[in-house]
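In order, the protein sequences belong to chains A and B.
Counting along the first sequence from 1, when you hit position 61 you're at 61 in my numbering, and nothing is skipped either side.
Counting along the second sequence from 1, when you hit position 49 you're at 1049 in my numbering, and nothing is skipped either side.
The hints are simulated quantities; they were obtained by calculation from the structure and are not laboratory data.
No residue lacks a Cβ here, since even glycine has one placed at the ideal position from N, Cα and C.
It is possible that some hints are incorrect.
[Claimed, not checked] Residues from chain A shown here face chain B by an in silico Cβ test under 10 Å; the list is partial:
| # | residue |
| --- | --- |
| 1 | 9 |
| 2 | 10 |
| 3 | 119 |
| 4 | 147 |
| 5 | 151 |
| 6 | 153 |
| 7 | 156 |
| 8 | 179 |
| 9 | 181 |
[Said to hold, decoys possible] Simulated coverage check for chain B against chain A, where a stretch passes if three residues somewhere in it have a Cβ under 8 Å from a Cβ of chain A:
| # | region |
| --- | --- |
| 10 | 1012 to 1020 |
| 11 | 1050 to 1062 |
| 12 | 1068 to 1076 |
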Amino acid sequence: MHKHAMDSPEDWLDAHGSALYRFALLRLRDEQQAEEAVQETLVAALQARDRFSGNATVRTWLIGILKHKIVDQFRLASREVPLAESGVDALDCPACDDDAAFDERGHWREPLSDWGNPEATLQRRELMAILQRCLDALPERLARLFMLRELMDAPTEAICQELDITPTNAWTMLYRARMGLRACLDQNGIRAGRKD
Amino acid sequence: MQSCRVASRLASESLDRPLGLRERFALRMHLWLCANCARFERQIRAMRTLLRVPDDASCDADLTPEARERIRKALSRSRAMPD
Chain A
1 MHKHAMDSPE
11 DWLDAHGSAL
21 YRFALLRLRD
31 EQQAEEAVQE
41 TLVAALQARD
51 RFSGNATVRT
61 WLIGILKHKI
71 VDQFRLASRE
81 VPLAESGVDA
91 LDCPACDDDA
101 AFDERGHWRE
111 PLSDWGNPEA
121 TLQRRELMAI
131 LQRCLDALPE
141 RLARLFMLRE
151 LMDAPTEAIC
161 QELDITPTNA
171 WTMLYRARMG
181 LRACLDQNGI
191 RAGRKD
Chain B
1001 MQSCRVASRL
1011 ASESLDRPLG
1021 LRERFALRMH
1031 LWLCANCARF
1041 ERQIRAMRTL
1051 LRVPDDASCD
1061 ADLTPEARER
1071 IRKALSRSRA
1081 MPD
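Build the full structure now, drawing on both the sequences and the hints.
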């Protein structure tokens, strides 16, 4: 066993806790959620320490676990809040399907509304809340993939490896996730001037 | 001209892979002429901006001593009851 794997998780907390916390806080923007993500990371690391290969540094290994815990937190965070009636179905996702958006000639069925600059019209907190609810409404696999790509900035290759899919699959799924999310955000109040 | 269905897919892929020269040209052409697809493209970019951490973001927050204590407790609990 690699010598670092012999360190106790308490040592990891001392050595890497701050770095893990900052990494989580920048993405979750919520102190409590960030703390929980760090805690779950260290607990998971404790249980999986035998599988630490020693090829990576401990910090890299821990950050790798943390990324998944952040994705979990991001979705859990909004689970209690019900989505507007018009939202995307939780089990399947009709709005992710491009047949819902395009007619047989490939034109948009409905004109798209102008979102303007959502960050100027809505509080960041409100925006994140809508976004989290809409992510929760996406099918699990699509939401995970989307968050690995957008929240974690994971390259396609890493996503393909992780979910065991081809790049073309990944691009199709990302496209579906974006279609579904876009429709959900649009229906849940991200439009420009809605607050005026 | 490519259909909106094709253009929107290409706009999405442009966020995940470098487009070829021809693809890039066709997409730019379409977005220039089609207000709906131009909006779609702006909206999916906005979703990314909202989620991504800016390159220049920094954060000097830290776990409080209380938070560290809570985490230590969780670790000993987990050790006592491994699952």
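Hint check:
1. 9: Nearest chain B Cβ about 5 Å off; hint holds.
2. 10: 6 Å, holds
3. 119: At about 7 Å, which falls below the 10 Å cut-off, the nearest Cβ of chain B leaves the hint on residue 119 of chain A intact, so it holds.
4. 147: 7 Å, holds
5. 151: At 5 Å from the nearest chain B Cβ, residue 151 of chain A passes the 10 Å test, so the hint holds.
6. 153: 6 Å, holds
7. 156: 6 Å, holds
8. 179: 8 Å, holds
9. 181: 6 Å, holds
10. 1012 to 1020: holds (count 5)
11. 1050 to 1062: The restraint on the region 1050 to 1062 of chain B holds, since 9 of its residues have a Cβ under 8 Å from chain A and three suffice.
12. 1068 to 1076: holds (count 6)
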